[in-house]
Amino acid sequence: MNKLPLFLLCIISGCGYIEVKTTDKVNTLISQSVSKNEASDLADKMSDVSRKDCLIIYKQFAGLAEFLENTDSIKNTSDLFKVIEDFQTEYSYTREKYESYTDAVEEFLTKRNYSVKNIVDKVRDTDNEIAKSQVIDDMRILGQAAKLAMDKKK
Amino acid sequence: MNLLDLQGWVKPTEKQISTALKSLPMPFFSDISQVIYGSGRGKTVLSYLAVKKLLGKYIEQVQTIGDCTALASGHVADYLDISEIIEKKELEEWLAPVATEPFYWAMRVNIGKGQLGSSDGGIGAWCAQAATQIGFLIRKKYDNEDFTVYSGAKARAGGMPGKGLTGKLLEEAKKYPIKTTSLIKTYEEARDALANYYPINVCSNRGFNNVRDKDGFLRPSGTWAHSMAVVGVDDNPNRPGVCILNSWPKGWVTGPKRLDQPDGSFWVDADVFESMLKQGDSYAYSGRVGFPKRKLNLRIV
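Protein chains in written order, with the numbering used here: chain A, 80 to 233; chain B, 1344 to 1644.
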């Protein structure tokens, strides 16, 4: 499955480059179904994350949400995390560089049962499945958090 | 490749059947099926669709020697395991298909004691025993053996008298057995087993043609001393039947398919299927001890 080029295309077309002002398209994307409180809480844990890394994280999760909306190639949460890993490699982003942020995201994902529910299904949300719509929303929340954190650093 | 070389079911003797049945905790499906009796009536239940849902494709391992009994048992174990994950919501993780070579070794030597000598082949009853008393390894690299890719030569070598499954590999396989295997004797028993996601390893000398009719069925023709996996049932009142998955190379069968069946599979009419079961060496498998779901690492940023 050649996910990365399409994923990157989504990032580039939707989010632009460094020092970017977000486009209307991306604002619309992010404003849908996003829990501002959750995003805000996560943003509070990003005080020590550099602006550059905030932008990378924002591109990653916002782009991933759009990618998920347009593909069925993500079959399970392992696939999802592999795409994230590939993106981070491409952008030379180091995981666990900001411990409190990593802890907060881990807690966020644990509460939503990503460690147990594995299969990404279009509709169902049962014992071993997670609804695709939830995954999209969660990626948007993570992206919004990074955007909020980035905005605070202006 | 000559398909005659890709059969490999050996008709068991009465003694071999008797020995197997005595060793199984629930030898006869008829004895344990009261709870689910009739539950398959009128139903269409396709275990293979669970596999496609999880993996995006079917598992269709292909044999190159007469180890069909191991391939069939492997398919049964895999389709059972995935059905349990998808349809019964068991919190297990799917890692890889069964490695059929060590199972072939265990079936022929650990269970069969080398009775077949150097000739290829196996017995359904021995597979039933090996599945419950020994278990399965998967297609991956172990410390001293790599089963990532199927090898008929490897299967044959380890299945010789005096070889078999030993040491750490045997210890590892025993962690992942099938919970019960039971003799299936009628279409109704099979229908009810399959409707509850218990696939069947069918062994017989029933042969078929190789062009499916408009309904996806093959008609009886010739003799195949062969073992295959039964992975679906359609108890349609107009034409009831089961879906059988073969382990022969791609392209062995052509013709229309239906109900999104795997490429190497075919439908068999209920009465023909029952005649295969009446040969007395076909077993339903239920409850595979699979791999507990790993907790994923959620430290993703």
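It is possible that some hints are incorrect.
Stated by the list, open to error - Below, in silico cross-link-like pairs of lysine-lysine (DSBU-like), each with a Cα-Cα straight-line distance of 30 Å or less:
(1) A:K161 x B:K1395
(2) A:K154 x A:K231
(3) B:K1484 x A:K154
(4) B:K1517 x A:K211
(5) B:K1506 x A:K161
(6) B:K1396 x A:K154
(7) B:K1600 x B:K1400
(8) B:K1456 x B:K1386
(9) B:K1400 x A:K211
(10) B:K1431 x A:K154
(11) B:K1386 x B:K1528
These aren't lab readings, by the way, just hints derived from the structure by calculation.
Against the structure, the hints:
1. A:K161 x B:K1395: 21 Å, holds
2. A:K154 x A:K231: Roughly 36 Å between the alpha carbons, so the hint for K154 of chain A and K231 of chain A is violated.
3. B:K1484 x A:K154: It holds: about 25 Å lies between the C-alpha atoms, which stays within 30 Å.
4. B:K1517 x A:K211: 37 Å, violated
5. B:K1506 x A:K161: It is violated: about 41 Å lies between the C-alpha atoms, which goes past 30 Å.
6. B:K1396 x A:K154: This hinted pair holds, its Cα atoms lying about 9 Å apart.
7. B:K1600 x B:K1400: 16 Å, holds
8. B:K1456 x B:K1386: 41 Å, violated
9. B:K1400 x A:K211: 20 Å, holds
10. B:K1431 x A:K154: The given pair, whose Cα atoms are some 18 Å apart, holds under the 30 Å limit.
11. B:K1386 x B:K1528: 19 Å, holds
Figure legend: structure checked against the earlier numbered hints; hints not met, in rising order: 2, 4, 5, 8.
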